[in-house]
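Novice: In my numbering, the protein residues as written are 713 to 1265.
These are computed hints drawn from the structure, not numbers from a lab. A quick note: this is a predicted structure, and the numbers were derived from the prediction, not measured. Incorrect hints may have been included.
[Stated by the list, open to error] Here are the computed lysine-lysine pairs in the DSSO-like style, where the Cα-Cα straight-line distance is at most 27 Å:
no.: 1; residue 1: K1251; residue 2: K1106
no.: 2; residue 1: K940; residue 2: K1158
no.: 3; residue 1: K829; residue 2: K1037
no.: 4; residue 1: K1106; residue 2: K1037
no.: 5; residue 1: K940; residue 2: K1075
no.: 6; residue 1: K1075; residue 2: K1225
no.: 7; residue 1: K940; residue 2: K865
no.: 8; residue 1: K1037; residue 2: K1251
no.: 9; residue 1: K1158; residue 2: K1225
no.: 10; residue 1: K1007; residue 2: K865
no.: 11; residue 1: K1037; residue 2: K1026
no.: 12; residue 1: K1158; residue 2: K865
no.: 13; residue 1: K1007; residue 2: K967
no.: 14; residue 1: K1075; residue 2: K1158
no.: 15; residue 1: K1075; residue 2: K967
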Amino acid sequence: MEEGRRGDREGKSAAGWTALSTTKTTLEEKGRLQANGSVGGDAGTSGFRRIVRLFFACMVAGGIQYGWALQLSLLSPYSQTLGISHSYVSLTWICGPIAGFVVQPIVGYYSDRCTMKMGRRRPFILVGCLIICISVMIIGFSADIGRHLGDTKEHCSTYTGPRWSAAMVYIVGFWFLDFANNTVQGPARAMMADLSAGHHGPNVGQSIFSLWMAIGSVLGYLSGANGKWHDICAVLANYGVRSIAPFVRWFPWLKTAACCDACANLKGAFFTAVLLIVVSMTVTMYLADEMPLDKQDVDTSGGGGCAVFVDLFKSLRNLPPAMFKVLAVTAVTWLSWFPFIQYNTDWMGREIYHGEPQGTAAKADVYDAGVREGAMGLLFCSVALGVTSFVIPKLCRRLTSKVVWSISNFLVFALMAVMVAVGMVSMRGYRPSLAAGLTGPDPTLKAVALVVFALIGIPQAVLFSVPWAVASEVTAEEGGGQGLAIGVLNIAIVVPQLVIALTAGPIDGAFNKGNTPAFGIGGAFAFICGVLALIWLPKTRGVSNAAVVAGGH
C-alpha cells in the first residue's frame, strides 16, 4: 500500500527528523569521499563506468519492489482463502502505516550513526533482506504450518472452511514482511543519495532508485498474473525456454494436502522473489562500496531513536499556516486512494469474474483467474504511472501544482465512479437471485476494468510526487527545513491509512455489497479533495526531488 506508502520513506532530517536520512551536510561530505574512491574507483575512471556501477549498486530496490508487487496483488485474495473474511482483510494491512511511521525513523536514526566497517546502510539492507526472505516463506507455507498446528486434515480441494492457525501464521509473516520492507527502503534510498552526491548529485541517485523500483513493479505484477509458478515446466514453456522444460519437474513440496493450486502458485512466485532479492542484494552489497563512518563523526547529542518523534511533534507548532492546508488536502487524498490500493485485485476476482475465494472449487478457480487478471491491470497501471511521471514537472510549471493535484483527484473520482457502476452492473445490483449463477467475466466489462486500472496510474503518478513538491516549496518559502516538511507530511499519510484500515471492514459488512461501498467512499473523498485543492492549496510550480515510482510501500 504501500503503493500507497511511498510517503513513509521519503524523508531526510534537518531538525528533528534526522532519522529518515542523513542531513544535507553529511550527504555532501560523504558524497565527496565516495566520489574520490568508492563508486567510481580511481579518479581516472570514466563517467560511464561510474554511472553503470551506481546503477547496479541500486539493484536491491528492484528486488524488494518485485516482492512488494506480489504482496499487493496476491496477498489480500490469499488471506481470504485462509478464513479471514472480506470485512476484516483491511485490518491485516494496518501494519503498513504503523511500520512506515515507527520503523523508518528509528532505522534511519541508527543507520545515520552506524560505524560498522561495511558502511552505514548496508548492514540494515542485509538484515532487512534476510527477514523479507524468511517472511515470504512463512506466508507461502502458512497453510502447511497451520495444518501441523491443528487445522483441518481435510484436503484443500474439498474443504472451504476457515483455517485459523494458518491465518495467524500468515498475519505474523505479513507483519514481519512489512516491517522488513521498511527496514530496507529507507537505508537503500539514503545510500543512493550518499553514493551519488559526489559525481552525479542526489537527483541522479534517486532517479536510478525509482527506475529500479519501476522495473521491479512491472516484473512483479507480470509474475502475479502468471498462474503456473508452481509448475516450472509450464513457466519455462510459456517464456519460450522449451528446450530444458521437459527435464525440469514440479517442485514436489509446493502442492500439498493443505495447499492447492492457488496456494502453490503463491509459493512458487515467492520463491522467485527470494531468488531475485538474494541476487539483487548480493550485487548491491558488492558494488555499493560505502565509506565507513568514523566514530568521532557520530552525533551523540540526540536522545536516541525515540527522540525523533518528540522533536517531530514539537515542530508542528512552527509550521507555516499554509502547510496545515497542505496536510489536510494530503490526508483527504490518501483517504480516497487506500480502498483501491487494498482491494484492486479482489475487486477483479469478485465483481468482474464472479469468483469466491472460499467457494466451490470452480468458484475459487474463477476468483484466482480474476486476481491474476487484476495483477495484469496493475502492470498497465505501473506503465501509465511511469510514463506520466515524465510530464508532471511540465504540467506543474504550466498549470501550477494545485491545479494538477486537483485534476488528478477529479480523475480518481471519475474512475472510482466507473468501478462502482461496473461492479453494480456485473453483479446485477448484488441481488442474490440474479448473481448466484454468474461465472466468469463479461468481456466488455473486463475490458473496461482493465482500462480503469491503466488510467488510474495517471493520478497515481501525481499522488507520489506533487504533494511532496508542494510541501517542500511551502516550507522553503517560509524558511523551514525540508526534513520538517517530509516528516509532517508523513503524519498526513499514515493517519488516513489507519482510519481506512479500521473502518473499511465494518462499512463493508454493513452494506454487504462486496468492494463497491469502499470504492464509493473513496470516490467521494476524491471529489471533496479536488475541490479543497483548488480552494486551499497555494500556487506553486516546482516539483520536489521526491521520487515517482511504479508501485509502492
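Novice: Please go over all the hints and tell whether each is borne out by the structure.
Specialist: Each hint tested on the structure:
1. K1251 with K1106: holds (15 Å)
2. K940 with K1158: holds (22 Å)
3. K829 with K1037: violated (45 Å)
4. K1106 with K1037: holds (24 Å)
5. K940 with K1075: holds (18 Å)
6. K1075 with K1225: Status holds; Cα separation ~18 Å.
7. K940 with K865: Distance ~25 Å between K940 and K865 Cα, so the pair holds.
8. K1037 with K1251: holds (12 Å)
9. K1158 with K1225: Distance ~19 Å between K1158 and K1225 Cα, so the pair holds.
10. K1007 with K865: violated (57 Å)
11. K1037 with K1026: Distance ~18 Å between K1037 and K1026 Cα, so the pair holds.
12. K1158 with K865: violated (37 Å)
13. K1007 with K967: violated (51 Å)
14. K1075 with K1158: Distance of about 17 Å is within 27 Å: holds.
15. K1075 with K967: Holds, at about 19 Å.
Going through the hint list in order, the structure does not satisfy hints 3, 10, 12 and 13.
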